[in-house]
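Chemist: Model the placement of chains X, C and L on the given structure of chain R, informed by the hints.
What follows is the residue order along each chain.
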Amino acid sequence: MTPSVLAGLVGAALVGLGLYGLISNPHPLRKLLAFNLVGSGVFLVFGIVARRGAAAGFAFDPVPQAMVITGIVVAFAASALAVALILRLAAASGKVTLDPRAWTKPGEGGQ
Amino acid sequence: MTAPGGELLVFAVLTPVLGILLSFARGGRAAEAITLALAPVGLVLAGFVAWLVAWSGAPLVYEIGGLAPPLGIALRADGASATMMVVTALIVPAAAFYAREKFATPQGGESRSALTFWIMLQAIWAALNLVFLGSDLFNLYVALELLTFAAVPLVCIDGRPETLAAALRYLLFALFGSISYLLGVALLYGGYGTLDIVLLGQKIEGTPLVWTAAALMTAGLLAKTALFPLHIWLPPAHANAPAAASAVLSGLVVKGSFFLALRLWFYVLPGLPIAAPAALLGALGGCAALFGSILALRQARLKLLVAYSTVAQIGYLFLMFPLAAAPAGGALGWSGGFMQVLAHAFAKAAMFLSAGVLAEALGHDRIAQFGGAARALPLTFLTLGLGGLSLMGLPPSGGFEAKWFLLRACAASGQWIWAVPILGGGLLAGGYVFRILAPALGDGEVKVKASPRRSQELVALGLVVIALALAFAPENFFEFIRIGRPLAGGGAS
Amino acid sequence: MSDLFSLVAICAGVFFFFAGTVGLLRFPDSLTRLHALSKADNLGLGLVVLGLIPRADTPLAALKLVVVWALALVSGASTAQLIGRALRRGRK
Amino acid sequence: MSVLAALDLGLALLVVGVAAWTVSARNLFAAVVGYVAYGLLLALVWVRLYAPDVALTEAAVGGGVTGVLLVTAGKRLDALASAEIGAPPGRGLKIFAGALAALVAGALAWVVLTLPSTPPSLAPAAAEAASGPGAGLGNPITAVLISYRSFDTMLEKVVLILAVLGVWSVGADAAWGRAPAPLRKPEPDGAMILLAQVLAPVGLLIGLHIFWVGADAPGGAFQGGALLAAMGMVAMMARLMAPPRIDSRKLRLALVAGPAVFLVVGVAGLMLAGHLFAYPQNFAKPLILFIEAFMVVSIAVALPMLVSGPPDGGAK
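Chains as they are written, first to last, in this note's numbering: chain R, 1 to 111; chain X, 1 to 493; chain C, 1 to 92; chain L, 1 to 316.
Bound-form chain R, shown alone:
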C-alpha cells in the first residue's frame, strides 16, 4: 500500500470519526474539535489527490496543496469565532447547551 493510499484511508477514517463526534457530542467545544477532525480528514483527501498528481517534474500537484493551505487558515478562523461564541455564551448564561428547548421562554411556543 502506497503512503498516499494509506493517507487517503486515514482521511476517510478521520472524516467518519469527526462526523460521529459532531453529531453525538452535546458540548459545543467538543463539536468544534470534531469539526476540526473532519476538516483535517478532508485536507488529507486533497493531499493524496495532490500526491497522485505528481507530474512534469513536480513531486505533487501544487494546486490542491495551495487549497489546503487556504483551507487550514479558514478552519482556524472558524474555530476562533466558535470559541469566542462559546466562551461568551458560557459567561453570559452559565450554559453551553445548544438544545433549542433550553432557550425557549415559557409561553413563546416554537420548537
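These are calculated hints, taken from the structure and not from any lab test.
Every residue, glycine too, gets a C-beta built ideally from N, C-alpha and C.
Some hints here could point you the wrong way.
[Unchecked claim] Residues on chain L that point at chain C, a partial pick, calculated with CB under 10 Å: (1) Ala191; (2) Ala196; (3) Val198; (4) Val202; (5) Gly203.
Modeler: Chains X, C and L only, in chain R's frame:
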C-alpha cells in the same frame, strides 16, 4: 475568451470588499457612510452586467489574471446570476437604509453593533456576488465561507444569550456545510483535475466518485440552505437577528447556498440521469413546505412565524429540482422556481422589515396582543398583508406567478404529486397570514410606544410592491434567466 | 567511518527516546515522568542531531540541525519548569 | 514490508488512534490536549505526502496556534465550572451518528481506493505557467497562491478580517475599543519570561526567513506569518507584550494591509499587464514578494488577535 466588460464582474465583488477594508481601517461613522455611498455603485454595476448579458444573449466571462481555467479562475455571469445580482443590489441597500437609525454611530465614537452591522452587510454583498458569479468550485467555497463569517455575527449582534446560542448553532451547521461541500470538491478535483464548472460539465460521467461528491456537496449546501430536516438552526437565528439583518439573511443569504445547489445539479451534472436524486430533493422540499407552514401556524411571536415561513418557502424552491430536470416542461419548472426565489426574496425581506417596525412601535411582537394594531400601523399591516399574498400565491403577485409556472410544469411532465405541497402549502400559508392579520384588523386598542418611522415603512412597502410587480414580468424576462443554462441531457440553450 | 559514527550516535539517541517513553508510561507520578521525559528527550535528540551532522549537505544545513536541537532544549527545559510549578501549585 | 512502510502504517494508526481518543475522551480538557498532539502528528503525515509547505502550515496553524486557542478556551471554560451542558445523547442518536459516520467513511474509502488510474493533474499546466504568470517563482505553491489563484487568497484574507471583527463583536458594548484579556491569567514566572526572551527573537528570524525563501523553497507568507504570530503569542503570555486596544489605528491598518495591498496591486494589473490580478512579466517576482510582505504582517497580527478573543471588561 474574456468578453468586453468582463472586468465589471470582478469589480462587482471588489467594490464591497474595498468598502469592508476602508470601513474597518477608518472605523467609527465611516463604516455607515461608506456602505451607503457604495450601494449605488453596486446597483449600477449589477444593472450594467445584466444589460451586457441581455444585450449579447450569452454569458459574460472574465478570466482573472488573464489565465484561463483550469489553472486560473474565471467569473461567469449568465442570466440567472445577473438577475440575482440585481436582486441583491436592491435588497441590501434597502436593508441598509432601513437600519440607519438603529445602527447609527455615536458622535465621535465607535459602537460595537454599528461597526459590526455595516461591515458584515457589505461582506454579505461581496460574498453573494461571488456566489452568483463564481465559476470555480473552490473559489465558491471561499465565497461560502465569506457568507458564513458575515452572517453569523449579525445573528448575535444584540448579545443576549439566546441569540449567542442561535448564532453558535448556525455557525456549527454552516461549518459542517462548508466542510462537506469542500470534501466533494476534493473528490471532483481528484477525478477530473479541474474545478471549473463549465469544464467539469463537459467531462463529468456517472461514476461512484461523482455521485459521492455530489451527495456530499448537496448535503453541505442543504445544511446551509436550511432545507428540512436540516432546518432547526434557521428559525431562532433569523428570528433573533435585528430586523434589517433578518431581511437579508432570510431574503438573500439562504438563496446563496440554494443557488450553488442549482449550479451543481444543472450546470456541473447536466448530462447525467438525475431524476432520482432530484425527486428526493423535491420530496424534502415538499415536506419542508408542509411541515414549515404547520410550525409557522403554531408560533406565538411574529418574527418566529415569519422565520418558520422561510423554512416552508425554501421547500418550494427545491420543487424546482424534479420539475426543471424533467424532459417535458423543464423550462416551465426553471422559470417557476426562479420566480419563487425572487418573489420570496422581496416578500420576505419586506415582511421582516415590517415585523421590525411593528416590534419597535409596540415594544413586542406577540401576535395575540395585536388587537386593533392595523388601525395604528396601517402601512405596516398593508405591507404584511401584501407580502402574505405573495407567500400564499394569490394573484397578482410573484408568488402566484411562481406557483402557476410550477403547476404547469407538473402538468407538462405528468408529475402531479408535486401539486400537493404547492397547493397545500399555499392553503397553510393562508392560515398563518390570516393569524397575523385577523387580530390586527379586529377590535382592540394597542398601546403604541413609539410612532413608526414613515421612511422605514415605505422601504418595506417598496420591496413588497416589487414582489407583486413580478407578476407582470414579460416573457422575455424568462428567456433572460435561461441564458447560459445547459439543458438537462446535454447541450446548451 | 562517518556512516558508522552516524549509526552509533542515532541508535544511542533512539535508545534514550525509548527509555524516556518507557519512563513516561511506567513512572508513578507526574514529576518523575517529567524527569524521565526531559532528560531522555534532550539527550536523545542531541545524539540524533550529532549523528545527522556528518550527513548534512552544507554547513548551513548542519547549523540548522544544531539550532533545532537548541530550540528543543530551550522549550523543553522551560515547559518542564512550567509543568513542575503548575504541579506544585496544584498540591498546595 | 519495508521499514518505511511499517513506519507509515504506525503513523497512520497513531493518528487515527489519537483522533478517536479526542472524540471519546470523557474529560473536555483531555480531549483538547489530544487534539493538540493530533495536530503535530498530522504535520508528519504531510511530510510523508511530499507536502512540506502544508506540513509547515499544519504544524504552525493547525497544531500550534489552534492548540493555544483551544487550550485557552478549555481553561476559561473550566473556570466557569458551573457551565451546564446539554443532555447526553440518547442511544438512538449515537446509533444514527455511528451509522452515518460509517456510511460516509466507507463511501469515501471506496472512492479513494478507486480514484482514476491515470490521475488528472494541473502540475504540467503549472510548470508551463512558471515562465509566464508565475515568473521567477521556484515554489509552485506560492505561484498558485499569489498568482494563478490570487483571487482566492485575497478573499481568504478578507475572511480573516471578518473573523477578527466577528470575535470582537461578541464582547460587551462597554468594552468596545479596549484591549482583549491577557492570554494567561497567572502572573508569568521566570521560566516563561526566559523562554519568551530566548525564543521570540530566534522565532522572529526564522519566521522572516521562511517568508523570504517561500518564493523558491517550502515556506511563504502563511507559514512565516503564522510563526511570527506564534512568537507574538509567546511574548504576550510572558507579559513582555500587551494585547493592543482594538480601536488602535495601527492595529486596524496592520490587519487590512495584506488584502488592501493585494487588491490595489491586483487592480493595477489591469493597467500594467492588461488583466485584473495579472502581473507584468518582468516585475512578477518583486511584486509578489511585495504583496506577501504585507500579508505576513496581516497574518502575524490577525492570528494572535483571534486567539486573544473579544475586548475585555465591561461585563454585564
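Chemist: Does each hint fit the structure? Answer for all of them.
Modeler: A quick look at each hint next to the structure:
The interface hint given for Ala191 of chain L holds, since its Cβ lies 4 Å from the closest Cβ of chain C, which is under the 10 Å cut-off. Restraint check, Ala196 of chain L versus chain C: the minimum CB separation of about 9 Å is within 10 Å; hint holds. With 10 Å as the threshold, the beta carbon of Val198 of chain L comes within range of chain C, its nearest partner Cβ sitting at about 5 Å, so the hint holds. Interface hint at Val202 of chain L: satisfied, since its Cβ lies 7 Å from the closest Cβ of chain C, which is below the 10 Å cut-off.
This hint holds: Gly203 of chain L has a C-beta 8 Å from the nearest C-beta of chain C, less than the 10 Å allowed.
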